[in-house]
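So the chains spell out like this:
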Amino acid sequence: MGAFRIEEADRPHILRLLIVWVILSAIGIVGVLQINYPPYDQSIQGQDQASTLKLLTALATPVFIAVVMMVVYSAIYFRRTTKELVDGPPMLGNTPVQIAWVAISAILVLFLAVVGIATLSSENVAQLVGAPGRTIGGGQTGSGTTGEENKEIHVQVIAQQWYFTYRYPDYGGVETTHLYLPVNHPVELHVTSLDIIHSFWAYQLGVKADANPGVDNIFHVTPQKTGSFQVRCSELCGLWHGHMVDSEGQVVNQSDFDTWIAQQQKDFETIASAVPSYAPYYFPLPLVKGS
Amino acid sequence: MIRRLSWVAAGVVVVVVALVAFVGLFMLRQPGPLEGTTTTLHLETVAAVGQALEWPRPNDPHPDWVGYLPTTTWTVPANSTIQVQIDQEDGATGLRNPFWGKVFGTEGGNMHVTFFDDKGNPQEGDMTSIDPTQAAHTFAIPDLGVFVPLLGVNANAPAGSTNVITFSFKTKGPGRYRWQCFVPCAAKTIFGNGGPMQTIGYMGGTVIVV
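Protein chains in written order, with this note's numbering: chain A, 107 to 397; chain B, 15 to 224.
Extracted from the complex, chain B is given alone in its bound form (with noise of 0.2 Å):
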């Protein structure tokens, strides 16, 4: 008897602890210190890692993938704004599927680009999608539902132009999520999408957000 009542009350102490550690851990989770905050991205994208503009990586063990800069791991805060900024150096490869040469999921459904238009000269405008055989690279979030396509440098900008992409979105709750490129630019590798597009640290990432 005394036996069956210690395995009762184990049974009770169990329930109790793990209600409380559910408590604890889930329903009084406070927010984290940059919630609800703006938050910068500023980003590079590079057809070879070892030779970027901004952070080159001439001792990448892949220094002629195309590939993010400085990181691809971002931290950014749960329930913010995220304004991002994206030195695009690359030109033009088109996407496999069309349809993601639409902005979607950022603020105002848009993005600014500055470009250089078939003469040469710098351009800039507010854009809700582009010509996806125009594209070089795309910034996307599924999970959030964020897709971004970014315009490839026109072939008769100045040697060294770069496009710049600036957009905002907002982010959710605490979590890991992954972002990728949707144009199979993976140069040199069977329908574009073996090498860098495949590792982690070049077309391909996580958005940590805490």
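The following block holds chain A by itself, in its conformation from the complex (with noise of 0.2 Å):
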């Protein structure tokens, strides 16, 4: 291992550049905080992802700047002065830096996965009933408040080709078509295709699930901000896949969403006996159709 020393020459030009890569990066973590992140904070789990992402621009925005720096420095500094195409001086393997540029990155990488890891369960927790730990509505969820408060609402999300609906398992399992939500109430959302793969987007919700034919696929998102969103499919699906869009999705307060429902429910009676039953998932039977 060679020693690690700056050729007399180099040190002006480490000095400058450390200078002005702090002051750079101190700009710049200041500005990429000041942005409001997507899918920013109508539910928990968007805020989180949203928290997530901020701090990874945080934290690159250090690493983008140096390599910047270092490509405009060179080329203005270190071009080449002459006409004569000439071989640059050897460089040789240093041991002590890239030690140091291995540690440091795995340094970063690894605090990242524990902040991903972090976030990852703290979403587990939330979907808890009762489990204390995440704050929902300003209370403490399942320390702070009881029962029903708490109690997850189940929606199946139904993909089929071009549209969504969904139905209220714990509501007679009445089908709507638009997505409405209580705010601050975690919500088990069950998503499922009645045909082919579709994809159920709540962009604001930070809730991104795929849909598919015979599959429950099982998703967690507590809304905390009331305010419309737009459900949209993100997986090619066919003709009219560009216009697999419901922008009317709404987050709600409890008393709201109550009248909501009723509504739905009163609605759906001239309807439900043909319905089946609440089922996880369906196969799209018979495999051929047509008149």
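Just so you know, these hints were derived from the structure itself, not from any lab.
Since the model is a prediction, treat every value here as computed from it, not as a measurement.
Restricting the straight-line Cα-Cα distance to at most 35 Å, the calculated cross-link-like pairs of lysine-lysine (DSBU-like) are: (1) B/K202 with A/K314; (2) A/K372 with A/K314; (3) A/K331 with B/K184; (4) A/K314 with B/K184.
Join the two chains, each given in its own frame, into one complex according to the hints.
So, in structure tokens, the structure goes:
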């Protein structure tokens, strides 16, 4: 292992680069921390994703600035000044430098892995009814509130060419044409398909789940802000894939949700007897149809 | 200095022009000439477009494909009432999702249907839903919230019989809205959703609201 030393002639460059890098990195980090990252904060899971994205961007900023700065600096200060094509000075491996960049990279990656695992596990904690540890709507899940308030609502998302419908098994299996969710209430989404492969993407809620026929794909979300959201298909699924959008998804307060679901149940009565009982998934049979 | 001022002036001009264009295009938009009126849409659904009773297309590249006729691009006025009559010639094939057996988004939440009962006698009445297994097609414009199941012609009806379904719905503002059938009625294709279900001009198209 050779000793790490800096040539005398290189010191002004290193010092200059270091100062510029520190200043630009500080400005860059402050700047990226001001950005409101998607998918924003309409759900706890969305907020977790936005926070993770913000952290990743902040950590990547000094690396990005260092790379760009080295390229620009080298192009200005180390460009070839003579017309003759000559080899540059031979560059041999520098073990301390290699150890340093491997170690710093490893530390960064491991740190991000820990952050990612913590985010995932915190979402899992939020799913559990009565489990302590996550704040929902300003209260403590499980430890500070009880029973009904944090009981998960189950919603089945049914994809079909080219629309999503939704069933609420906790409300008699009522099927609806739009997705309404109560705020501050954990929701268990069961995503499936009636025909081919689709993908349910409630962008503002931070939920994206494959919708496969014969599969009950379970995802969890806890909306924490009222407002509208959009559902769209994110799996190319045929002629009207681009139109497989529902712009009328809503997160509403509990009383509005109760009113809405009661109206849906009333409307559903006319077709209820013809709709099969709730099932976790569907197989598209018969395989061949047509008149 | 002069150059900088020129750039600033150019920027101001661009902003002003953009503002004027925005106001002109969107805020001062005049309503369409037929806005607020009632328009009639007369359609036919048939299992083979080459053999339709009213608007046959024998020279169609796929004369044996199911389709809506005479066209699948409909231009209607904005914020108006559209009265629809569909002459439905096909037998039932059934809905994959029985939920679409219910009528949504029409005025009064229903439709008027003339049909044939099991004895082949003509009947008529208002309906808010049909037996999903008896659907032949649907008329659906999802972005307008309109979903209407079309009752299949009873197997005991006289040959050449047609069910007539009438209803009305309201359009929103100008735009292009897709419409489609929710019965997987494309015969001989897997899941019944190939061929005419994946080709504009048969079981799907565009409602142009002007």
